[in-house]
Amino acid sequence: MSKKTVVDIVTEWDIVAARQLGRNITKELGFDTVNQARITTAISELARNIYLYARAGEIEIEKVDTEDKKGMIIIARDKGPGIEDVHKVMEDGYSTSGGLGAGLPGVKRLMDHIELKTSIDKGTVIRVEKWL
Amino acid sequence: MKELQAQYKRILADYVESQTERNLYIGQNFIRQLIQKSVTPEEIINIHKSSMEEIYPEIPPAVSHGYDFLIEVMVHFGLTLREHQSLLEHQEELRIEMNVAAKIQNMLLQTEMPKTNALDIGHISIPIRKMNGDYVHFLHNDEDYVSVGVIDVVGKGVPAALCMSMVKYGLDTLEYTNGEPSYVLEVLNRIIERSVDDSMFVSMFFGRFDCARNIFTYGSAGHEPALHYKASEGKFHMLESKGLLLGVMPDVRYSQHEVELEEGDFIVMMTDGVTEFRNQSELDSRKVIEALLLQLKDLSAQEMCEQMYQELKKLQELALDDDFTVVIFKK
Numbered sequence: 001m002s003k004k005t006v007v008d009i010v011t012e013w014d015i016v017a018a019r020q021l022g023r024n025i026t027k028e029l030g031f032d033t034v035n036q037a038r039i040t041t042a043i044s045e046l047a048r049n050i051y052l053y054a055r056a057g058e059i060e061i062e063k064v065d066t067e068d069k070k071g072m073i074i075i076a077r078d079k080g081p082g083i084e085d086v087h088k089v090m091e092d093g094y095s096t097s098g099g100l101g102a103g104l105p106g107v108k109r110l111m112d113h114i115e116l117k118t119s120i121d122k123g124t125v126i127r128v129e130k131w132l
Numbered sequence: 133m134k135e136l137q138a139q140y141k142r143i144l145a146d147y148v149e150s151q152t153e154r155n156l157y158i159g160q161n162f163i164r165q166l167i168q169k170s171v172t173p174e175e176i177i178n179i180h181k182s183s184m185e186e187i188y189p190e191i192p193p194a195v196s197h198g199y200d201f202l203i204e205v206m207v208h209f210g211l212t213l214r215e216h217q218s219l220l221e222h223q224e225e226l227r228i229e230m231n232v233a234a235k236i237q238n239m240l241l242q243t244e245m246p247k248t249n250a251l252d253i254g255h256i257s258i259p260i261r262k263m264n265g266d267y268v269h270f271l272h273n274d275e276d277y278v279s280v281g282v283i284d285v286v287g288k289g290v291p292a293a294l295c296m297s298m299v300k301y302g303l304d305t306l307e308y309t310n311g312e313p314s315y316v317l318e319v320l321n322r323i324i325e326r327s328v329d330d331s332m333f334v335s336m337f338f339g340r341f342d343c344a345r346n347i348f349t350y351g352s353a354g355h356e357p358a359l360h361y362k363a364s365e366g367k368f369h370m371l372e373s374k375g376l377l378l379g380v381m382p383d384v385r386y387s388q389h390e391v392e393l394e395e396g397d398f399i400v401m402m403t404d405g406v407t408e409f410r411n412q413s414e415l416d417s418r419k420v421i422e423a424l425l426l427q428l429k430d431l432s433a434q435e436m437c438e439q440m441y442q443e444l445k446k447l448q449e450l451a452l453d454d455d456f457t458v459v460i461f462k463k
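Chain order of the listed sequences is P and F.
Residue numbers for the first sequence follow the working numbering, beginning at 1 and rising by one.
Residue numbers for the second sequence follow the working numbering, beginning at 133 and rising by one.
The hints are simulated quantities; they were obtained by calculation from the structure and are not laboratory data.
The structure displayed is predicted, hence computed values, not measured ones.
A hint or two may mislead.
What the hints assert, rightly or not - Across the chosen pairs, the derived CB separations fall in these ranges: (1) F:Arg164 - P:Asp112: 43 to 53 Å; (2) P:Glu115 - F:Val319: 19 to 29 Å; (3) P:Trp131 - F:Glu186: 44 to 54 Å; (4) F:Gln151 - P:Ala56: 50 to 60 Å; (5) P:Val86 - F:Val319: 38 to 48 Å; (6) F:His197 - P:Val16: 36 to 46 Å; (7) F:Tyr157 - P:Ser2: 44 to 54 Å; (8) P:Trp131 - F:Ser170: 18 to 28 Å.
Beta carbons are placed, not taken as given, at the ideal position from N, Cα and C, and that holds for glycine.
All chains, please: the whole structure from these sequences, using the hints.
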């Protein structure tokens, strides 16, 4: 079974809504406390990036619960300015130095897989996965 | 992880039971192991929480919730820690690369000391960091002339080293054994002005000794004056020559001057790492250097260079803070 839910990110409180949705799914799937905290932190960082840099966008959370695969796919979409240097934002010391949170290297560490598509002035799509 | 958790629980239970220093010591040693295995702070708190709940099933729910909160907030600590670890690894890679680069620089900038009966030549160059910001280039292609360039790049480390290679190839390509110092400085100035960033400057002293006439011709681009010891007078003369640093402006003209070297005379060329003493004015340091050279004047040129380094290092309490380079031409 696979189910997708979308949260629009416009205000700071929408970040909390995305976290809540993610948290519920981590519990339903049976992630332990530490991994619940990690997945929720990753969702929070992705949503915060949208709120801070793109103004508006959405977080889609897909719960995958099948015979052979259990886990979550989270997609962050925005129509913001895009990312100029993709390699650089994935480097340590780049995003956290500005005090902006864990940044993408952090999200990458918290999750099993990360993919990023971006285009200048059109927006960014980041897809992360975590499997049980 | 299960095994680690069981061990942690045992150590924790022992401590709660008897609260001895020994238990705490064992606990710290155990944490060291966990750190080596890259267990994150949030995982350790989770292990602690589970252990407490197992040892004390009657623990109030509020305490458990408190632990959950701590796990949540410690996720960021864990991330920061891992980022630091990865930056440290990255730094180690850079250090290794730097060592390789320094070796390559040493190889590139090797200069052969001319062998000639006309002059006794000495040379020492000690970098303060890995990459030397000073450079000495000898030229001696025939029996008529021996020339030397003493170069100091303003700025340190890798950028200075890259700039240095350019100066070296500039000198190499133009085979300046017979070049007049003013001409050498003018050509190098053009090369450097064209190719180097505005923030990088080079000072250079260029001297050429005419073996047949015993005449030393020199010019300078913003470099430390050299010292000429005249044995007949038992005195030092400063060999000054006004000229702008290399690389500041195109088409700069440099003047050159001549002195005659007589038996027992010597010329000392150096960089500012030799003359700039901490807490002493330039005038004082000149006097110190002249007094020192007077004591050393009967040694070979090479021994003079080495003794000078040792003595000045002692004088500065072993804390030289710049690259140190001396070249001596002795008749």
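Review point. Between P:Val86 and F:Val319, is the Cβ distance one that fits in 38 to 48 Å?
Key: Hint holds: Cβ distance 45 Å, inside 38 to 48 Å.
Review point. Falls inside 18 to 28 Å, the C-beta gap from P:Trp131 to F:Ser170?
Key: holds (20 Å)
Check your understanding: Do the beta carbons of F:Tyr157 and P:Ser2 sit within 44 to 54 Å of each other?
Key -> holds (51 Å)
**Study point:** 19 to 29 Å as the expected CB spacing between F:Val319 and P:Glu115, which holds or is violated
**Key:** violated (55 Å)
Check your understanding: Taking the beta carbons of F:Gln151 and P:Ala56, is their distance inside 50 to 60 Å?
Key -> holds (55 Å)
**Study point:** Supplied distance hint 44 to 54 Å, evaluated on CB atoms of P:Trp131 and F:Glu186
**Key:** 28 Å Cβ-Cβ, so the 44 to 54 Å window is violated.
Exercise for review: Indicate whether the distance between the beta carbons of F:His197 and P:Val16 respects the range 36 to 46 Å.
Suggested key: About 18 Å separates the Cβ atoms of F:His197 and P:Val16, which means 36 to 46 Å is violated.
Check your understanding: Can the suggested window of 43 to 53 Å be confirmed for the beta-carbon pair F:Arg164 and P:Asp112?
Key -> Violated, at about 28 Å.
In terms of the numbered hints stated before, the structure departs from hints 1, 2, 3, 6, listed from lowest to highest.
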